[in-house]
Each structure stands twice: as structure tokens, then as C-alpha cells.
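One-letter residues, chain by chain:
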Amino acid sequence: MAMKQLDGHLYEEIVQSMQEGVMVIDMNGEIVMLNPAAQHILGVMPEDVVKTYGAVFLLREENDAFNEIILNTVCEKTRADRVPVEFVRDGATASLLLTTSYIYNNGERAVVVVINDVTKLNELRDTQIALKVAEGASEAKSRFLSNMSHEIRTPINAVLGMNEMILRESQDSEILSYASNIQSSGKTLLALINDILDLSKIESGKMEIIPVEYKVSAVILDLWNVIYFRAKEKGLGLSLDLDETLPGVLYGDDIRIKQIVTNLLTNAVKYTPKGSVELKIAYERQNKEFACKESSDKELSDREDILLRISVIDTGMGIRKEDMDGLFESFQRLDEEKNRNIEGTGLGMSITLSLLKMMGGSLQVESEYQKGSVFTAVIPQQVADDAPIGSFEHIQKSSLLQKGSRQGSFTAPRARVLVVDDNEMNLTVFKALLKRTKLQVVTADSGKQCLDMIQKQEFHIIFMDHMMPELDGIETLHAMNHIAVHKNRNTPVIALTANAVAGAREQYLSEGFWDFLTKPIDSGLLERIICEYLPQELIVPNDEEMKAENETVNGYDAYLQQGVSVESGLRYSQGDMQMYLELVRLFIKDKNKMEQLRGCLSEHRMKDYAIQVHGLKGNARMLGADLLADIAYEHELQSKASCEEYITGHWKELEQAWEQALDVFGKLYDQYAGSREENQKLPAGEALDLSREQLREMAERIDAFQTEEAVLQMKEWLRHSLDAQIRRMLEEAVSAIEDEYDEDKAVALLKEEL
Amino acid sequence: MMDKKCIIAVDDSGIILKTLEKLFVGKYEYHAFSKGMRALRYLKEEGTPDLIILDIDMPEIDGYEMLEMIRGKDDLKRIPVLFLTSNNDRQHVMKAVGGGADDYAVKPIDEKVFMDKVHKLLKEEKKKLSWDDV
Numbered sequence: 000m001a002m003k004q005l006d007g008h009l010y011e012e013i014v015q016s017m018q019e020g021v022m023v024i025d026m027n028g029e030i031v032m033l034n035p036a037a038q039h040i041l042g043v044m045p046e047d048v049v050k051t052y053g054a055v056f057l058l059r060e061e062n063d064a065f066n067e068i069i070l071n072t073v074c075e076k077t078r079a080d081r082v083p084v085e086f087v088r089d090g091a092t093a094s095l096l097l098t099t100s101y102i103y104n105n106g107e108r109a110v111v112v113v114i115n116d117v118t119k120l121n122e123l124r125d126t127q128i129a130l131k132v133a134e135g136a137s138e139a140k141s142r143f144l145s146n147m148s149h150e151i152r153t154p155i156n157a158v159l160g161m162n163e164m165i166l167r168e169s170q171d172s173e174i175l176s177y178a179s180n181i182q183s184s185g186k187t188l189l190a191l192i193n194d195i196l197d198l199s200k201i202e203s204g205k206m207e208i209i210p211v212e213y214k215v216s217a218v219i220l221d222l223w224n225v226i227y228f229r230a231k232e233k234g235l236g237l238s239l240d241l242d243e244t245l246p247g248v249l250y251g252d253d254i255r256i257k258q259i260v261t262n263l264l265t266n267a268v269k270y271t272p273k274g275s276v277e278l279k280i281a282y283e284r285q286n287k288e289f290a291c292k293e294s295s296d297k298e299l300s301d302r303e304d305i306l307l308r309i310s311v312i313d314t315g316m317g318i319r320k321e322d323m324d325g326l327f328e329s330f331q332r333l334d335e336e337k338n339r340n341i342e343g344t345g346l347g348m349s350i351t352l353s354l355l356k357m358m359g360g361s362l363q364v365e366s367e368y369q370k371g372s373v374f375t376a377v378i379p380q381q382v383a384d385d386a387p388i389g390s391f392e393h394i395q396k397s398s399l400l401q402k403g404s405r406q407g408s409f410t411a412p413r414a415r416v417l418v419v420d421d422n423e424m425n426l427t428v429f430k431a432l433l434k435r436t437k438l439q440v441v442t443a444d445s446g447k448q449c450l451d452m453i454q455k456q457e458f459h460i461i462f463m464d465h466m467m468p469e470l471d472g473i474e475t476l477h478a479m480n481h482i483a484v485h486k487n488r489n490t491p492v493i494a495l496t497a498n499a500v501a502g503a504r505e506q507y508l509s510e511g512f513w514d515f516l517t518k519p520i521d522s523g524l525l526e527r528i529i530c531e532y533l534p535q536e537l538i539v540p541n542d543e544e545m546k547a548e549n550e551t552v553n554g555y556d557a558y559l560q561q562g563v564s565v566e567s568g569l570r571y572s573q574g575d576m577q578m579y580l581e582l583v584r585l586f587i588k589d590k591n592k593m594e595q596l597r598g599c600l601s602e603h604r605m606k607d608y609a610i611q612v613h614g615l616k617g618n619a620r621m622l623g624a625d626l627l628a629d630i631a632y633e634h635e636l637q638s639k640a641s642c643e644e645y646i647t648g649h650w651k652e653l654e655q656a657w658e659q660a661l662d663v664f665g666k667l668y669d670q671y672a673g674s675r676e677e678n679q680k681l682p683a684g685e686a687l688d689l690s691r692e693q694l695r696e697m698a699e700r701i702d703a704f705q706t707e708e709a710v711l712q713m714k715e716w717l718r719h720s721l722d723a724q725i726r727r728m729l730e731e732a733v734s735a736i737e738d739e740y741d742e743d744k745a746v747a748l749l750k751e752e753l
Numbered sequence: 000m001m002d003k004k005c006i007i008a009v010d011d012s013g014i015i016l017k018t019l020e021k022l023f024v025g026k027y028e029y030h031a032f033s034k035g036m037r038a039l040r041y042l043k044e045e046g047t048p049d050l051i052i053l054d055i056d057m058p059e060i061d062g063y064e065m066l067e068m069i070r071g072k073d074d075l076k077r078i079p080v081l082f083l084t085s086n087n088d089r090q091h092v093m094k095a096v097g098g099g100a101d102d103y104a105v106k107p108i109d110e111k112v113f114m115d116k117v118h119k120l121l122k123e124e125k126k127k128l129s130w131d132d133v
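Going down the list, the sequences are from chains P and D.
For reference, each letter of the first sequence is one residue, going 0 to 753 in numbering that gives the first Met the number 0.
For reference, each letter of the second sequence is one residue, going 0 to 133 in numbering that gives the first Met the number 0.
Simulated from the structure, these hints should not be mistaken for laboratory data.
Check before you lean on any hint, since a few could be wrong.
[What the hints assert, rightly or not] Below, computed lysine to aspartate or glutamate pairings styled on EDC-like, alpha-carbon distance capped at 20 angstroms:
1) Lys116(D) to Glu28(D)
2) Lys21(D) to Glu277(P)
3) Lys34(D) to Glu737(P)
4) Lys606(P) to Asp61(D)
5) Lys21(D) to Glu737(P)
6) Lys744(P) to Asp61(D)
7) Lys257(P) to Glu277(P)
8) Lys714(P) to Glu696(P)
9) Lys26(D) to Asp575(P)
10) Lys43(D) to Asp702(P)
11) Lys21(D) to Glu707(P)
12) Lys34(D) to Asp741(P)
13) Lys639(P) to Glu28(D)
14) Lys639(P) to Asp61(D)
Chain P with its partners taken away, still in its complex shape (with noise of 0.2 angstroms):
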């Protein structure tokens, strides 16, 4: 549309449309015109229009600052621009921008007035300004939580951790027993503190749901530790019933799961005065509806969904029905008169309940006033690993015990660690905590004093507090790396840290920390650490304890009366019975041994009987059989100097040895082994006779190198029912092989039945 002269009407209906507000006042005051959208903004109706005169608008009082910006343009003194301006209209307040301007009608002059509504606009920043400020708000508070953490947590740890000193070197029992109650009374501290600060977290949003793959096995372990001496402390019976089809391996927040099933349990202790506490550990599949396997996210559409249903079973005081919301307000304690005595905060099952809606989950309450309560908690969770994990007396016997000693694992002598942290009282800690495993702790207090040592001196591990004034952890480990020359290049940095929030881990990593510890620092993860990344050749194992095991625990004794020295034949079978084990059984059945060396004897042939003595030297060396390998050893010198008067004075003494060696083995065998022979019987198949063609493919197969596929061939054959002869000659050639390493001797059996 080309600009031209528009008409009248096009005028008229342009300002008429529009929704900033327009006003004509004339000269006199009086309001010539007034769009519709004037009308809205000022709340005046059509009818006023007519009515009203400029000065009755002019009188509203509360619109002083409105009418002040008009009269001043009708009197000529000044034009607006947008002048914002709050104008009071049905007790409601709007802001306006007002614009002025002047227009000649008819040789008068009137005044024009754009009226714009901002209340809207206005309400929007201010929005945005107060979100700005929540949000500062809600920094600060982090700050402080995590500042809060640091500063309550660092004098717990030195509490803690100085009585840990005095239980582990005070022989006085009543200072012993003043320490008890010190520990179970920080123990609780802590654990009060922690739920105040996790609540906190949550309600400030900080707390995250971390998922990791995790075995059930683990937690379960865990849980049953944390309940069972609580439980057996107050006389209550405690059960594990445990669905053993449970898929091993979950992908969730175990940490989170192992806090809400925790507070469950405890709880259940300690509402429950007389009876038990059952953990029932059950689960459903989710049926995955849609064709997951379409799905181009393939990690997500191989897991399966299950429903985990954790239940706390307990014959407590029970709940009533009217008590039951209650339940979830935090720190109410229901029925308070009776249960005044019972600690705690009640900010367990507040926390509880959160953690379980951040992981979707919910719990449910069955209870019975007087008679108990059923507490379940649905969690949903990813399956990892399908297989499942079988009974519980399984998972606690593979599972290592500890005996919970307070006796130290290792000692490294010579090793150096660094600790670095501005609180002397940390350091002590830190120091006392290790003084058990001997190694040698240089303290530092400051990153400036840490940057000095490390070029003096090399450590192996060095401990960097985080929170430090001046030089903080982070920086220090940093400044570490650009110093161009010292003698702690590869030196493992372990971050110390009072704040374990969500993320740490990684943060800590990509900082350049080889992995960090949490305040108050747990003596027995240290030592694993320490463990974990000193090198190898520092760290002498606490062989008294061990040696004290296997001695009480499996009376070896015995058996060294007779020559064998079990110790030395599992060392040479690296520890593993079953190997010793199976190596003993070989021993056992070579019988013929004896019998060859009589033949030698008895034949005068003094270097074949070298040879084999020496052989058997050898064999009885590896099992621990020392009194026949000293004789052994002596017949084979003797031997090998032809000494044959030598040899027959002495053939006795080499027999005994021999026949007690036997006897211990079979000892051993029957005490570890026994069940073994058993199993060897295996139910006869159908029958099958062998043609000697077959004998005979089998021998060429031997002889071809082909053993694997031969010895697979026999043991089949040997499934099945077979003449016994037969079967007597193909059991003794597998063996041959097997054991002896022998084929041609296999060969040999297989030839002579042809």
C-alpha cells in the first residue's frame, strides 16, 4: 500500500484500534476524545466520557502525579516521554508510561496523551529480580551447608579419632569402658548431624540420586552388620528372608537405599521392645510393553526393570490408624508421653520418605497398635546382571570376614606420606591413626609448606586437605605441577575432604587427585588406600596373625610331627588348597614309585636310582613332605656316588618317610576332599560296546598329538555303561594323561586290548 493521503475514517479507526490508550484534553481541560483502550486503562465507561469534564478527572485526588503531567502540557511548561506513573483505579494500582503531545484542531490547540499499561511488564521484572535474589539465597546456603559440614565435622573427627587412640593402647578396663561410651555417644553425634545436614540438602534441592551398577550381596551384608548387634543387644530376634532368584547385580543409589532400609531398621529396633525384626527382600519384573529393541539407545533397552520390596517386619508397639499421617511430618514423634525415652531426632523417616520419591519409589505401612508394623519400601531399579543371588548363608560365607580387630593388617617402615592441612588437630589424627602400621607421616601445615617439602623430600602418598585459608587444596595440587623440578612427579595425591556432596568424586579427579577420603577419616579405608597405592615391596603383611590362623584354625601341627609341613606345600601351590589338593591326590596314586627304586636297588643300577630318587625328591619337596625330601636328598648323593651299602642301610628309614607322608596325605585329603570321591561316581549310561576300529582311531589319535579331542572322546565313552575291563583300561589311560602327562602310555593301554 503506497503512501498516500489517507482519509478521515482510516484516521479514526486506526486510533480506535488501538491498544495504547489515546486522550485529547482541550485547552479548557475538557476531554475532546478518549479511545477505547484509554477507557480500559483509566476505568471509565463510555457514559463518563460524555459526562465527564476534564476537571472532574483533574479532581480525583489520588491521580495527582496522572493530572500533574497533563495540566504541565496543556500549560505549555513540559512534554512527557513516556513518564512512567502509578495511577489508582478501583483500589487496584496500575504503572503507566505517558507520552504527550500537541495538536492544532480547528486554530485551538489540544492536548494529545498516549497512555501505555506497564503494570504487566513491570510485575515481570520485578519477578525476574526477586528470582535473581532466591537464587543468591539459595547459593548462600550451600555455602554455608557445605562451610557448616566442614566446620562441624572437623572436631567430631578429632573426638572420634583421639578415642580410637585410647581403645587401641589403654590396658585399663574402666578408662577402656569411658571410652565405649565416648564412641557410641559420638557415633550417634555424627549420625544426628548427618541427618540434619541431609536434610537440609533436600530441602534445599542439593540432594542427588547417583545411580551405579552395585551388587545386591553387598548391601544386604551391610545391612544385616548395621541391625544385628543392635538387635541381639536388646534381645530381639532378627530373620533374613531373601528372594535367592533377586538379580545379583542393580543399577541404582545403593548408598541412598542402604540410608532409607537403615532408618527402617532402626527404627524397628527401637520401637520394638520384646519379639523380632525380620528384612524381607523381595521383587517383581516390570514387563517392558514396548519393543525396547527398536530402540536405538541400546544400553537402556538391554536393562530390565524390576520393583525392589524392601520389608521391615518388626512385633513392636504398632501404629494407629488415626496416628498414620503423622507419621510423615518431621520430628514428630507419635504417641509422645510413651515414647519419650527412645532417641532420636525423627528426621529419619522425613528424610527417608524424600529420598524414596526422588528415586520414585513410595513406602507402605501396615501396623497394628500393640501387636507390630510392616514397613515396605518400593524402589525402582535397573537390572545389571540377571544372574541370581542365591541364599544368604551363600553370600556370607563368600564373603571375606572381618574379624573386626583392631589389630593393623601391614606395616611399611619405609614408607614416607605427606599430610597436608591447616588444622593441627586433623594432623595429630592423622598421625595417631597411622602409628599402628609404622609408616613414617610428615606433616605440613599449609600449601606453602607443602610446595617447600615436596622439593626436599620424596613421599610415596601424599594427603592434601581441601579447605585450607590461602593456598586451598586444589590450588596447592596445581601449583604442584607447574614447579618444574621436584622429586614428587609421580607422587599419588589423595584429597582429604570434609564435604562428600554429590559429584565429588569426579571433581576431585579431574583436578588431578588420584582419589580422596571423607572426614572423619575411617581408619580401616586409610589403610586400604594406603594399601592400594604404596608401592608394593613397602608393605609387609602382619604375619603373626596370619601364621596364628592357620595354625589354630587348621592344627597343621599334627602333621609337622610327622614331616609335612602343609604351610610350605600350599605356599608352593600359591595358597590354594584345592590345587594343593589336587597335586597331593597325584602324589597318592604314583605308588609305583617305591616299587621302581626297590627294582633299582635290588638291580644295583645306582644311576637309575639317582634319578629316580631324585625325582621323588623333588615331588615331595613341592608338597611340604620335607623329612622324605631330606632323605630323599641324601639317598640321591649317595646314590650318585654309587654308595650302594649306603643306600640298602638306609632303604628303611627313605620307606617310613615315604608311608607317613602317604598318611598325611590321605589325612588331608579326607578332611578337605572327602565329598570328592563321591562325585566321581557318576550313574552308568546306556551301554555301549566299543569295536576295536574305534580302539584302535582312538590310539592314532593320541599318537597324532590330537590329546584334547581323545580325552574328551574316552571321557564320553566312559559316561556310558561299558565292560568293566574295558572301562578299567580307559579310565587308566585319561589318567595317564592327565596326571602323568604320559601318551605313549595311553597308547600302550589302548594298543593292548586290540
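Fit chain D to the supplied structure of chain P, relying on the hints for placement.
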């Protein structure tokens, strides 16, 4: 993917051979012989291993004789040979090492020391080849 290296062991003690089997299982292809003659036939007919482990004192044919026969064959003379010996034979072994064996290990076998030697010998083989080719 590279094939596993192949190790041959000859020793009249089934116990030693089984112990070696446990050490090598899954890591190397392993063939064991308690009779030297069969081992020699294997070497002739079935191909060349990457390492040969020989006991010294054996009836019929002993370690030294076997070594001589191995070193006498073109296709076998470059294969590393490791002697197994009891402590007291050390002097004899030192002599034999001069005659072509590459190393020796003492019985009863110390796993770490033994496996170190095996690893070294399995790697050295390549070095030897390049020298001889020159």
C-alpha cells in the same frame, strides 16, 4: 587378535607339569610331556613353540641331551629354553647355559620369579630373530 604364545614343558614329575599348567592356564597354550622322546617328536611334527622348559634329570633322555638335539635343528635353535633344576645342580646348569640354554629356574617353583623369567624369555625371542637375520 594375537594368538596365545605356546609353551612346551618336559619333566618326569607329573606334579611339576601340573603346577606349570595352573600357572599358564588361560595365558598361554601349554603342552606338557613326561617323556622326552615324545616331546622331540612333537617338536618335529607339530611345529615350533615360543618357549621350551626342560627338566634336567630325567630317565631315558635328560635335559642336556634334549638341548643338544633342539639346538641342532634349524627351525628349533632360536627357541628360548628354560632349564628347571633343584638347588644343588646349579653348577651344572651354569655350564649348560653356556651350551645354549637361555635361563634356568629353581625347583620348587617360586611363582613370581618363575613367571618373570617366562615373560622375559617370551619377549626376548623377537630380539634374537632380528639379530640372526642381519
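Status of each hint after checking the structure:
Proximity of lysine 116(D) to glutamate 28(D) is assessed by CA-CA distance (about 17 angstroms); at most 20 angstroms being required, the pair is judged to hold. Restraint check for lysine 21(D) and glutamate 277(P): the C-alpha separation of about 45 angstroms exceeds 20 angstroms, so the hint is violated. Of the supplied pair hints, the one linking lysine 34(D) and glutamate 737(P) holds, its CA atoms being roughly 14 angstroms apart against a limit of 20 angstroms. The suggested pairing of lysine 606(P) with aspartate 61(D) holds, with an alpha-carbon distance near 13 angstroms, which does not exceed 20 angstroms.
At roughly 13 angstroms between alpha-carbon atoms, lysine 21(D) and glutamate 737(P) fall within 20 angstroms of each other, so this suggested pair holds. Straight-line distance between C-alpha atoms of lysine 744(P) and aspartate 61(D) comes to about 19 angstroms, which keeps the hinted pair within the 20 angstroms bound. For a cut-off of 20 angstroms, the pair hint linking lysine 257(P) to glutamate 277(P) stands: about 16 angstroms separates their Cα positions. Restraint check for lysine 714(P) and glutamate 696(P): satisfied, since their Cα atoms lie roughly 15 angstroms apart, inside the 20 angstroms limit.
Simply put, lysine 26(D) and aspartate 575(P) have alpha-carbon atoms about 18 angstroms apart, close enough for the 20 angstroms limit, and the pair holds. Restraint check for lysine 43(D) and aspartate 702(P): satisfied, since their Cα atoms lie roughly 13 angstroms apart, inside the 20 angstroms limit. As the CA atoms of lysine 21(D) and glutamate 707(P) are separated by approximately 17 angstroms, the hinted pair is consistent with the 20 angstroms bound. For the given pair, lysine 34(D) sits about 7 angstroms from aspartate 741(P) by alpha-carbon distance, which is consistent with the 20 angstroms threshold.
As the CA atoms of lysine 639(P) and glutamate 28(D) are separated by approximately 36 angstroms, the hinted pair breaks the 20 angstroms bound. Proximity of lysine 639(P) to aspartate 61(D) is assessed by CA-CA distance (about 15 angstroms); at most 20 angstroms being required, the pair is judged to hold.
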